[in-house]
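Chemist: Below are the chains, spelled out letter by letter.
Number of protein chains: 2
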Amino acid sequence: MSEKFITDLKRTHSCGELTLADEGKTVVLMGWAQRRRDHGGLIFVDLRDREGLTQVVFNPEVSGGAHSEAHQIRSEFCLAIKGLVRPRPEGMLNDKLKTGGIEVYVDQFEILNPSKTPPFILEEWVDVSEAVRLRHRFLDLRRPEMFRNLKMRHLSAQAVRAYLNEKGFLEVETPVLTKSTPEGARDFLVPSRLNPQAFYALPQSPQLFKQLLMVAGIERYYQIVRCFRDEDLRADRQPEFTQVDIEMSFVAEKDVMELTEGLVAEIVKTAVGKTMKRPVPRLTYADAMERFGLDAPDMRFGLEINDLTEIMKEVDFKVFRQVAESGGKVKAINGKAMAKLSRKDLDDLTSFVADFGAKGLAWVKVKPGGEWQSPIAKFFSDGEKAKIAETLDAAEGDVLFFGADSAEVACEYMGRLRLELARRFELADPNELCFCWVTDFPLVEYNPEEKRFTAMHHPFTAPQAEDVELLESDPAKVKARAYDIVLNGSEVGGGSIRINTPAMQSKVFNALGIGEEEAQEKFSFLMDALTYGAPPHGGVALGFDRLVAILAGAESIREVIAFPKTQKGGCPLTQAPSKVDMTQLLELGLRLDSVK
Amino acid sequence: MSEKFITDLKRTHSCGELTLADEGKTVVLMGWAQRRRDHGGLIFVDLRDREGLTQVVFNPEVSGGAHSEAHQIRSEFCLAIKGLVRPRPEGMLNDKLKTGGIEVYVDQFEILNPSKTPPFILEEWVDVSEAVRLRHRFLDLRRPEMFRNLKMRHLSAQAVRAYLNEKGFLEVETPVLTKSTPEGARDFLVPSRLNPQAFYALPQSPQLFKQLLMVAGIERYYQIVRCFRDEDLRADRQPEFTQVDIEMSFVAEKDVMELTEGLVAEIVKTAVGKTMKRPVPRLTYADAMERFGLDAPDMRFGLEINDLTEIMKEVDFKVFRQVAESGGKVKAINGKAMAKLSRKDLDDLTSFVADFGAKGLAWVKVKPGGEWQSPIAKFFSDGEKAKIAETLDAAEGDVLFFGADSAEVACEYMGRLRLELARRFELADPNELCFCWVTDFPLVEYNPEEKRFTAMHHPFTAPQAEDVELLESDPAKVKARAYDIVLNGSEVGGGSIRINTPAMQSKVFNALGIGEEEAQEKFSFLMDALTYGAPPHGGVALGFDRLVAILAGAESIREVIAFPKTQKGGCPLTQAPSKVDMTQLLELGLRLDSVK
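Protein sequences appear in the order of chains C and S.
Quick note on our numbering: the first sequence kicks off at 209 and runs consecutively.
Quick note on our numbering: the second sequence kicks off at 209 and runs consecutively.
Isolated chain C (complex conformation) (with noise of 0.2 Å):
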């Protein structure tokens, strides 16, 4: 082993190129030894680098000492061999690799450096906790699906800087350490030494600033840029995570959104070699949550949720009358050819709706002559069985469910029951990619807790024009010019046209209760920015981790992260975060409170 890399050995290729038309050749290859076999005096070592696995054989005859220094050689040491190609013996042929059909006979080789057995095999697919793939993470990503992903996300990096540079887009950094304006999620602080008790905060996003550029007349602007958020981690979410981050001037939502899907067909392309269908479908907000009960659809599938509101006002069965006739809403699914849920599968169906928020579910199994079989059956006529089996097109074999209740919990638990139902009976095509804009979102919603509305995207979201004068009078009913673009049900990406006079960005900010002295103290420099003849402008955010995990297969967006933190945001391997020295903090000015 060398303390100095001197070998004069110079590496002449990967360990995944070589093949038959390479016979004869002498080589250089250097990677890891993947396994090692004695077999018949030889010694074979498949030696893997980030290119693939190339098949070397130590033979006595050939290698003279290399042959009986190999015997040292374990498992992910990393080496240099040379060696003159060769090609197998007849049924020794491997079919599935590249280099399957030759070997390297090795004359010199040398241990560059050698490896404690590793604590898991660095293979595909590998059976081992992510708390100690996390730990290892060097190892793990020496795994060939690992490489893959990070190949992947780079290549697609790649082709959003190729198709927004070729459009006039510039790529411009904004700062990291920068000014906590809490709205929306809760920030990162960082506090400052050079002005004690004061805090820079890490960025949501780039919102305000990629405004501020537009502002400045850049016109088209681009970053691949980190974003903070300090959230209570649900599942899949990181607190750091990356996006693609757009703005343009001159423009209207259609603008916005054909660039948006131009960009994303090419990342489609880039990552798995499909050709993304356009244009992509649009469906508004209020359809979205009509037939699907989500604001991000995953339309791979039907099993589409039916409004029977209006024929249940009609009805005998007081549970779903009242609600039909006092402003609720009765749903219903048809869950086509689902006879072979058990009464233990509608159990488990039922309490999976009360987690969102259902106080029962209705079901029924629709048997031979339509007969209803369900708790409820008997509270029906004939008639009205009739007229329900014939909006929902039952037929023998579908069980029908049923949910009651105001319209956004009915909504909301019918949707994640649709999805569930999808997930049991495998409905979703994993290949497919399915793509769909949704528009017409309301500009506010209302947040029980704080009593007041908040902005559904941000607080910088232009209403719509016809809207405009709704926003003192009723709030709730003003729609935005924004939208969301949803792949496979998840949200991978939305934007919106922003408010671009202080006339409009005083009166969302009344309506959304953010008085002036607040909107002076945290946006002043934006409204500032508003009165020297800012241009109308709007952009986009692309969620780039989850959108390369779902083109990647990925279960999670930290199969395509290179150094992803657990759902408390700790790092298995570097142990962050951790105590510092109190010297540090006294710098700050800074105490720690007593633990609780």
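Don't take every hint at face value.
Which copy? The list can't say, so a pair holds if one copy fits it or any two copies do.
Stated by the list, open to error - The calculated lysine-lysine pairs, modelled on DSSO-like cross-linking and capped at a C-alpha distance of 27 Å, are: (1) K521 with K685; (2) K462 with K218; (3) K715 with K567; (4) K462 with K548; (5) K573 with K586; (6) K375 with K477; (7) K375 with K482; (8) K593 with K521; (9) K482 with K521; (10) K659 with K787; (11) K375 with K359; (12) K575 with K552; (13) K375 with K306; (14) K787 with K485; (15) K218 with K544; (16) K595 with K462.
Keep in mind that the hints were calculated from the coordinates and are not lab data.
Note that this is a predicted model, so its numbers are computed, not measured.
Here the structure of chain C is known, so what remains is to put chain S in place on it, guided by the hints.
Modeler: Okay, now just chain S, sitting in the frame of chain C:
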């Protein structure tokens, strides 16, 4: 003014492209009113967008209603105009403008957004304080020179990516919320809410992560990445800055240096259209100190430092002889043809070098016949004078400067003196780009405050093989496998071959007085990673802000950063850093110290 961007006008051209070839076309332009002039019943507006200026004309006969409304237009109003491209009248042509041959006769226009009167004129080289510019950065960036800087930065970044992508490098994102490793500068800390009393640190560089990526077999990594240092801000530093970060496996110094030269040549070509001379000259650290007094020499001019120590051992002049005999150095610079330096100038230079530790500065003006005019002339015999003059190649009109001190101190202030003389006599061609490599740095330097050796680059730099045995006995003599690239006297990049075995890493930690326990606590994950077949690897990092600033001819890196901070780390635009709500601190388990 519209709240909604619903003008039917669709931009057809930028303001920087129309020429006589477009005569007769009807065009739509959008941009900002640079200025308005009313002349002979016509209204002229210079319409500006990021691509340039176009003169648009409101003529009552052609423009109708538009003409009368055009009186509202003021500087920086955001406009959309539609009109006919016509040749300018004779005598009204403007050769300096690409669009100077034409004007656009408006028949329709819309004020997209009015503007208050800007606080300064938005033209090139405007004379206004930086504080005002930063406070209104959204206007400052409208100036063509600032747009050019951001565009040059953008194009340089894309050139970096194109070059490295083509060579098989993968851009991999590393964490921003990471572990505090107090070696080097001070970390910015980020309190963790989910892990009370624990802190993340913002990375000073992704050094350890890129090494882990090499252990992970990525082989070729890069990232254009934000880094953070909480330093007392010296001239032209920023608390957050951007570096081009590169790491490679299976390489030695020359591989990294060749790659870096090719990369920098691409940046230079892209940014300023020049061809960089290659190979870039190399000199050792010892040479650089000897000849230029500094480790980042500006080699656009000579004015080298001479060593007269041997000669001075023989002279009668005690001051020099004692220094020479007691292990110090006597250094001299021949200020060629600097006779015009007055007595006051020489006094100024004396106090200039005093700031760098000089106890005095001896000088000699060489007069006709080689006669010395100098306070110290009388201490030298004619023979000694002749020998010194010969060594320094002194001639009539030259001014000779002498410094006598410890090697370190004499080098430092004679190096500074050299730069100061070059500045006063404008010896450096501002249009020349003079690169050099400095190699063979010491591995460690003695830190008198901490009374221990600290790493000159960082503790992961490999020592040169032949010096390894000195690590214990005489660490100051150990040379590192490190290299810096210097442009016009500024270090614009540096790197090294890294340690790749735990044994060597322990040895170096030992030499740095980092005990096993401390190493384990701070760097256990690195030590762990090195035990699993870590490949030989090395890399480089370029200071992207600095490099682009020099290429842009900017006086400060702030000129090539969209939203820079002041010396005190503040942002005059957003007022970051700022006070935060007490509840935010409570959530983090922190309290403010009472202000001192």
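Chemist: Determine for every hint whether it applies to the structure shown.
Modeler: Hint-by-hint comparison with the structure:
{"no.": "1", "hint": "K521 with K685", "result": "within (26 Å within a copy, 92 Å between copies)"}
{"no.": "2", "hint": "K462 with K218", "result": "between (54 Å within a copy, 13 Å between copies)"}
{"no.": "3", "hint": "K715 with K567", "result": "neither (39 Å within a copy, 68 Å between copies)"}
{"no.": "4", "hint": "K462 with K548", "result": "neither (45 Å within a copy, 69 Å between copies)"}
{"no.": "5", "hint": "K573 with K586", "result": "within (13 Å within a copy, 117 Å between copies)"}
{"no.": "6", "hint": "K375 with K477", "result": "both (18 Å within a copy, 22 Å between copies)"}
{"no.": "7", "hint": "K375 with K482", "result": "both (22 Å within a copy, 26 Å between copies)"}
{"no.": "8", "hint": "K593 with K521", "result": "within (14 Å within a copy, 116 Å between copies)"}
{"no.": "9", "hint": "K482 with K521", "result": "neither (48 Å within a copy, 79 Å between copies)"}
{"no.": "10", "hint": "K659 with K787", "result": "between (38 Å within a copy, 25 Å between copies)"}
{"no.": "11", "hint": "K375 with K359", "result": "both (24 Å within a copy, 14 Å between copies)"}
{"no.": "12", "hint": "K575 with K552", "result": "within (18 Å within a copy, 109 Å between copies)"}
{"no.": "13", "hint": "K375 with K306", "result": "between (38 Å within a copy, 22 Å between copies)"}
{"no.": "14", "hint": "K787 with K485", "result": "neither (51 Å within a copy, 49 Å between copies)"}
{"no.": "15", "hint": "K218 with K544", "result": "neither (64 Å within a copy, 49 Å between copies)"}
{"no.": "16", "hint": "K595 with K462", "result": "neither (41 Å within a copy, 82 Å between copies)"}
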